[in-house]
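**Student:** Sequence:
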Amino acid sequence: MKKVKIVCTLGPACRSRETLAGMVRAGMNVARLNFSHGSYESHGENVENIRAVEKQLGIPIATILDTKGPEIRTGKLFNGLSVNLVRGQVFRFVAHDVMGTENQVSISHPQVCRELNPGQDVFIDDGSLHLKVLQAGDTELLMEVLVGGELGEQKGVSFPGAKLKIPTLTGKDREDIRWGLDHGLDYIAVSFVRSRDDIMEVRRVMEEMGGAMKIIAKIETSEAVSALEEI
Numbered sequence: 146m147k148k149v150k151i152v153c154t155l156g157p158a159c160r161s162r163e164t165l166a167g168m169v170r171a172g173m174n175v176a177r178l179n180f181s182h183g184s185y186e187s188h189g190e191n192v193e194n195i196r197a198v199e200k201q202l203g204i205p206i207a208t209i210l211d212t213k214g215p216e217i218r219t220g221k222l223f224n225g226l227s228v229n230l231v232r233g234q235v236f237r238f239v240a241h242d243v244m245g246t247e248n249q250v251s252i253s254h255p256q257v258c259r260e261l262n263p264g265q266d267v268f269i270d271d272g273s274l275h276l277k278v279l280q281a282g283d284t285e286l287l288m289e290v291l292v293g294g295e296l297g298e299q300k301g302v303s304f305p306g307a308k309l310k311i312p313t314l315t316g317k318d319r320e321d322i323r324w325g326l327d328h329g330l331d332y333i334a335v336s337f338v339r340s341r342d343d344i345m346e347v348r349r350v351m352e353e354m355g356g357a358m359k360i361i362a363k364i365e366t367s368e369a370v371s372a373l374e375e376i
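Here the sequence shown is numbered in our numbering, starting from 146 and rising by one per residue.
No lab work stands behind these hints: they were computed from the structure. A couple of the hints might just be wrong.
No more than 20 Å apart at the CA atoms, straight line, and that leaves these computed lysine-lysine pairs for PhoX-like [what the hints assert, rightly or not]:
{"id": "1", "residue 1": "K277", "residue 2": "K300"}
{"id": "2", "residue 1": "K359", "residue 2": "K148"}
{"id": "3", "residue 1": "K150", "residue 2": "K363"}
{"id": "4", "residue 1": "K213", "residue 2": "K317"}
{"id": "5", "residue 1": "K359", "residue 2": "K221"}
{"id": "6", "residue 1": "K148", "residue 2": "K363"}
{"id": "7", "residue 1": "K300", "residue 2": "K213"}
{"id": "8", "residue 1": "K310", "residue 2": "K363"}
{"id": "9", "residue 1": "K221", "residue 2": "K300"}
{"id": "10", "residue 1": "K213", "residue 2": "K359"}
{"id": "11", "residue 1": "K308", "residue 2": "K277"}
{"id": "12", "residue 1": "K277", "residue 2": "K317"}
{"id": "13", "residue 1": "K308", "residue 2": "K363"}
{"id": "14", "residue 1": "K277", "residue 2": "K150"}
{"id": "15", "residue 1": "K310", "residue 2": "K213"}
Because the structure is a prediction, the values reported are computed rather than measured.
The task is simple: from the sequences and hints, build the whole structure.
**Tutor:** Structural data, given as structure tokens:
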């Protein structure tokens, strides 16, 4: 029995049954469907093709529904153009929709503006930009740029160590879970898990929907690392 599985993310480049069969022959054990992207139609086609290849080759292939989760992202920028943040400048996250500039940008979960404390580190775009909170309030988050660079639209934002009151599952995640249950997916990979309660919430939602998938907790934050044993 294999202790390690080879997980492959399915996308447009590997949608055909011929390509999938080649991937299985090369060692793929698990097919990952990334619900941050794609439509139900494309995911359904992938599942249908995987099941056909599974039957053709006589090799079981597990399927994973990877949730988008409560991602925190920056908003859109004026004319869609990137802006340059300079070390030492003051930059703002604002709690209402605006077209972003080199001075401010909106954020997908505006409540974080009032949940952070001065001194909190803020990283944007996989850590390429580093800021520090100067002042938090209901309508904006005032920050100093420590490591500058180019900021594009809708980039991921993280607040290492911060305990944010953001729901584990978004409305989209719940719809995706129902779709996964209806289509017989094997596993659900829960994004941005923070505690045992997050896993219990996912389990409860599936029970209410009358189905079950095995749960994989994605450890992506320092908060999750601290709660690893209970998760």
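**Student:** Each of the hints needs a verdict: does it hold here or not?
**Tutor:** Here is how each hint holds up against the structure:
1. K277 - K300: Within the cut-off at roughly 17 Å; holds.
2. K359 - K148: holds, 17 Å
3. K150 - K363: holds, 16 Å
4. K213 - K317: Holds. K213 to K317 sits at ~8 Å (cutoff 20 Å).
5. K359 - K221: Violated, at about 36 Å.
6. K148 - K363: holds, 18 Å
7. K300 - K213: Within the cut-off at roughly 14 Å; holds.
8. K310 - K363: holds, 18 Å
9. K221 - K300: holds, 9 Å
10. K213 - K359: The hint holds at about 17 Å.
11. K308 - K277: Judged against 20 Å, a Cα distance of about 16 Å means the pair holds.
12. K277 - K317: violated, 31 Å
13. K308 - K363: holds, 17 Å
14. K277 - K150: Since the Cα atoms of K277 and K150 sit roughly 39 Å apart, the hinted pair is violated (cutoff 20 Å).
15. K310 - K213: With Cα atoms ~17 Å apart, K310 and K213 stay inside 20 Å; holds.
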